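*Asks:* Working from the sequences, and respecting the hints, build out all of it.
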Amino acid sequence: MTQTAQSLSTDASTQIADALNQCVAETAVTTMLAQNFHWNVTGMAFGPLHDLFQKIYEDHFVAQDDLAERIKALDAHAEGTLAGMLKRSKVTETDGAPSAEDMIRLMKEAQETLAETIAGAGELAAKHGDTLTEDLCIARGQTHEKFAWMLRSHLA
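Each position in the sequence shown, counted from 1, maps to that position plus 790 in this note's numbering.
Derived from the structure by calculation, the hints contain no laboratory data. Everything numeric in this text was worked out from a predicted model, so none of it was measured. C-beta: ideal position from N, C-alpha, C; glycine also. Worth double-checking, as some hints may not be accurate.
35 Å max Cα-Cα, derived DSBU-like pairs, lysine-lysine [as the list claims (entries may be wrong)]: (1) Lys917 / Lys845; (2) Lys898 / Lys936; (3) Lys845 / Lys877; (4) Lys936 / Lys917; (5) Lys845 / Lys880; (6) Lys898 / Lys880; (7) Lys917 / Lys862; (8) Lys936 / Lys862; (9) Lys877 / Lys917; (10) Lys936 / Lys845; (11) Lys877 / Lys898; (12) Lys877 / Lys936; (13) Lys898 / Lys845; (14) Lys862 / Lys845; (15) Lys917 / Lys898; (16) Lys936 / Lys880; (17) Lys862 / Lys880; (18) Lys862 / Lys877; (19) Lys862 / Lys898; (20) Lys880 / Lys917.
Beta-carbon label-pair distances, calculated as ranges [claimed, not checked]: (21) Ser799 / Trp939: 30 to 40 Å; (22) Leu876 / Asp841: 19 to 29 Å; (23) Gln844 / Leu876: 21 to 31 Å; (24) Asp856 / Asp801: 15 to 25 Å; (25) Ala873 / Glu848: 19 to 29 Å; (26) Asp892 / Trp939: 14 to 24 Å.
*Replies:* Below, the structure written as structure tokens:
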């Protein structure tokens, strides 16, 4: 049975919101990772990579808001601290000045992690009949898989 945010049980809303907070955390860390790479990429592929990293961080900035707003629609708390996001995220920051190839690899791995995390949140939402959250997760997962494919293509 399809459920809206207000018709979900408290337990279902809590579980889904927690999964979405994981998605927000990983999206936020990946946003900053992409912006860092956008600022610092060098080499022969500077132009296309500079543009791709910008496309990623701009997409992810909007996505953070979409995911957080869904959490609020579920009447839950959207984690909004950087410390909390860094602690929760399976995507990690990168120190130093990685090569362009390492930036591509790291961003590809982040996109794959995001796609997996968001797919899991979508499955949880589907289990509880929350098709609106499931739909959001499907769309986000497709975007992350597309970015991962684009990045893999640079490494081929």
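*Asks:* So does Gln844 sit 21 to 31 Å from Leu876, Cβ to Cβ?
*Replies:* Because 22 Å falls inside the window, the suggested range holds.
*Asks:* Determine whether the Cβ-Cβ distance between Ser799 and Trp939 falls within the hinted range of 30 to 40 Å.
*Replies:* holds (37 Å)
*Asks:* Measure nothing beyond the straight line between the CA atoms of Lys898 and Lys880; if it is 35 Å or shorter, mark the hint as holding.
*Replies:* Holds. Lys898 to Lys880 sits at ~14 Å (cutoff 35 Å).
*Asks:* Just to be careful, I want the Cα atoms of Lys877 and Lys936 compared with a cutoff of 35 Å; is the pair within it?
*Replies:* Cα-Cα ~26 Å, so holds.
*Asks:* Between Lys936 and Lys862, is the straight-line Cα distance small enough, at 35 Å or below?
*Replies:* holds (27 Å)
*Asks:* Is the straight-line distance between the alpha-carbon of Lys936 and that of Lys880 35 Å or less?
*Replies:* holds (20 Å)
*Asks:* Could you grab the alpha-carbon distance between Lys936 and Lys845 and see if it respects the 35 Å cut-off?
*Replies:* With Cα atoms ~12 Å apart, Lys936 and Lys845 stay inside 35 Å; holds.
*Asks:* Between Lys862 and Lys898, is the straight-line Cα distance small enough, at 35 Å or below?
*Replies:* Measuring from Cα to Cα gives roughly 29 Å; hence the hint holds.
*Asks:* Just to be careful, I want the Cα atoms of Lys880 and Lys917 compared with a cutoff of 35 Å; is the pair within it?
*Replies:* Cα-Cα ~23 Å, so holds.
*Asks:* Does Lys917 pair with Lys862 here, judged by a C-alpha cut-off of 35 Å?
*Replies:* Status holds; Cα separation ~20 Å.
*Asks:* The hint says 14 to 24 Å between Asp892 and Trp939; measuring C-beta to C-beta, is that right?
*Replies:* holds (19 Å)
*Asks:* Given the proposed pairing of Lys936 with Lys917, does the C-alpha separation stay at or below 35 Å?
*Replies:* Roughly 25 Å separates the two Cα atoms, so the pair holds.
Violated hints for the displayed structure: none, as all numbered hints are satisfied.
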